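Number of protein chains: 2
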Amino acid sequence: MKTIVLLSGGLDSSTALAIAVNEGYEPYALSFRYGQRHKVELDAAKQIAKSFNTKEHIIVDIDLRQFGGSALTDNIDVPKDRSENQMGTEIPITYVPARNTIFLSYALAWAEVLDCKHIHLGVNVLDYSGYPDCRPEYIGAFEKMANLATKASVEEEEKLSIHTPLINLTKAEIIQKGIQFDVDYSITSSCYDPSSDGMPCLQCDSCLLRIKGFSEIGMDDPLIKKYKE
Amino acid sequence: MKTIVLLSGGLDSSTALAIAVNEGYEPYALSFRYGQRHKVELDAAKQIAKSFNTKEHIIVDIDLRQFGGSALTDNIDVPKDRSENQMGTEIPITYVPARNTIFLSYALAWAEVLDCKHIHLGVNVLDYSGYPDCRPEYIGAFEKMANLATKASVEEEEKLSIHTPLINLTKAEIIQKGIQFDVDYSITSSCYDPSSDGMPCLQCDSCLLRIKGFSEIGMDDPLIKKYKE
Chain A
722 MKTIVLLSGG LDSSTALAIA VNEGYEPYAL SFRYGQRHKV ELDAAKQIAK
772 SFNTKEHIIV DIDLRQFGGS ALTDNIDVPK DRSENQMGTE IPITYVPARN
822 TIFLSYALAW AEVLDCKHIH LGVNVLDYSG YPDCRPEYIG AFEKMANLAT
872 KASVEEEEKL SIHTPLINLT KAEIIQKGIQ FDVDYSITSS CYDPSSDGMP
922 CLQCDSCLLR IKGFSEIGMD DPLIKKYKE
Chain B
722 MKTIVLLSGG LDSSTALAIA VNEGYEPYAL SFRYGQRHKV ELDAAKQIAK
772 SFNTKEHIIV DIDLRQFGGS ALTDNIDVPK DRSENQMGTE IPITYVPARN
822 TIFLSYALAW AEVLDCKHIH LGVNVLDYSG YPDCRPEYIG AFEKMANLAT
872 KASVEEEEKL SIHTPLINLT KAEIIQKGIQ FDVDYSITSS CYDPSSDGMP
922 CLQCDSCLLR IKGFSEIGMD DPLIKKYKE
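Protein sequence lines, in the order shown, are assigned to chains A and B.
In the working numbering, each residue carries its 1-based index in the first sequence increased by 721.
In the working numbering, each residue carries its 1-based index in the second sequence increased by 721.
None of these hints come from the bench; they were simulated from the model.
Computed from a predicted structure; not experimentally measured.
A hint or two may mislead.
As the list claims (entries may be wrong) - With a cut-off of at most 30 Å between alpha-carbon atoms, the simulated BS3-like pairs for lysine-lysine come out as follows: (1) B:K933 to A:K880; (2) A:K933 to B:K872; (3) B:K947 to A:K865; (4) B:K880 to A:K723; (5) A:K880 to B:K947.
Claimed, not checked - Every beta carbon over 10 Å from chain B, so not counted as near; a handful from chain A, in silico: (6) L763; (7) D764; (8) S772; (9) D782; (10) S874; (11) F902; (12) Q924; (13) E937; (14) K949.
Think of the CB as a built atom: it goes at the ideal place given N, C-alpha and C, for glycine as much as any other residue.
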């Protein structure tokens, strides 16, 4: 059974890919070059896609810079060293307008062409750092819309399902699952502001959540280890 | 009040723009270069946007050819001389997978950056020629999803509205409205397969519906007139 996995190259999406593979899906990986500063992420996505023998890996160019409005696409500073409290209550400046909606829309288009009824997405609620388009009610609404949008939704009985296997997991639980399913975390990239050689900043929300996750299971992050060696 | 108008440069979207302007909205036009063969359409969109003094007109490059699967993006022949019966019952090969979903997702992103709560879209049901993503239930589901997707949907009370002023109009009624609101139809382009100078083929579904519309109100299409002169 085919599935399209949205693959950023980060810890979460890499784990979602591993879970899909473990569930027996034949994965098609979809990544985006969206004017982001961290091209490091796409290199990670390529390596991860390769390590799981994805059937195909398409990288779509989308230019959200035309619209402006986010730290990940503009030249605004990525916030550093925020407390967990701040992460939980404020929507961060790193939020990209309608990002998951655009990503899922492309996935929907490719799914239709491939005659594929599954999409895997590595969002999660607990560590979601304030992004509205990571919430289960949002995912449910997208799935409903998708099942009215396409030729297949009119002509075929089988519905499209959006799978979010990480939605209720903590970062520590995600990492444990990933290790169980052979994710090589040393080739993933989660940082919002890595150096050009891929070294994570260790201060942005994403780094802080990742550090916390590894520390909770008493493990060294193989990515950080790689740069320390 | 700002609105984003999805503007293809065709008869319907140009009329939707005219209606939005007449309702007092300040229009921002959004068009897409999506690997389509008919660049004629984008020239038309630029002229129409200018003729209605849109505040801004952004053309976004999206490449759906990576996914394959449609006459408007691939090298499959556009069907010609189909009967109305055929148009009504079959989803045409000119259907582009998830097109309106992708277009609306970009509109949603721009709306969020502009702090804009309105999107105008020129879809209609009666002449919809079999596209699933032109149906009111689809539009309603997208609107619902959009109101869960964004920062504004979490932080603000005012909801995003998707306006489809043509949804229940026949082509003839659309043209009548457009004329009332000063659309210059000689600069629009509806054809799926125009010649390089913009002359419509007069045989594709879109041309046939347009010809029928003008003939029902006993008017010559100023676009065809232009090429006959």
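Okay, the hints, checked on the actual structure:
1. B:K933 to A:K880: violated (36 Å)
2. A:K933 to B:K872: holds (26 Å)
3. B:K947 to A:K865: The given pair, whose Cα atoms are some 45 Å apart, is violated under the 30 Å limit.
4. B:K880 to A:K723: violated (36 Å)
5. A:K880 to B:K947: violated (47 Å)
6. L763: holds (15 Å)
7. D764: holds (19 Å)
8. S772: holds (23 Å)
9. D782: violated (7 Å)
10. S874: Its Cβ does come within 10 Å of chain B, the nearest being 6 Å, so this is violated.
11. F902: holds (28 Å)
12. Q924: It holds; A:Q924 is separated from chain B by about 23 Å at its closest Cβ, greater than 10 Å.
13. E937: With a cut-off of 10 Å, A:E937 remains clear of chain B, as the shortest Cβ separation is near 28 Å.
14. K949: Per Cβ check, A:K949 is outside 10 Å of chain B; nearest 37 Å; holds.
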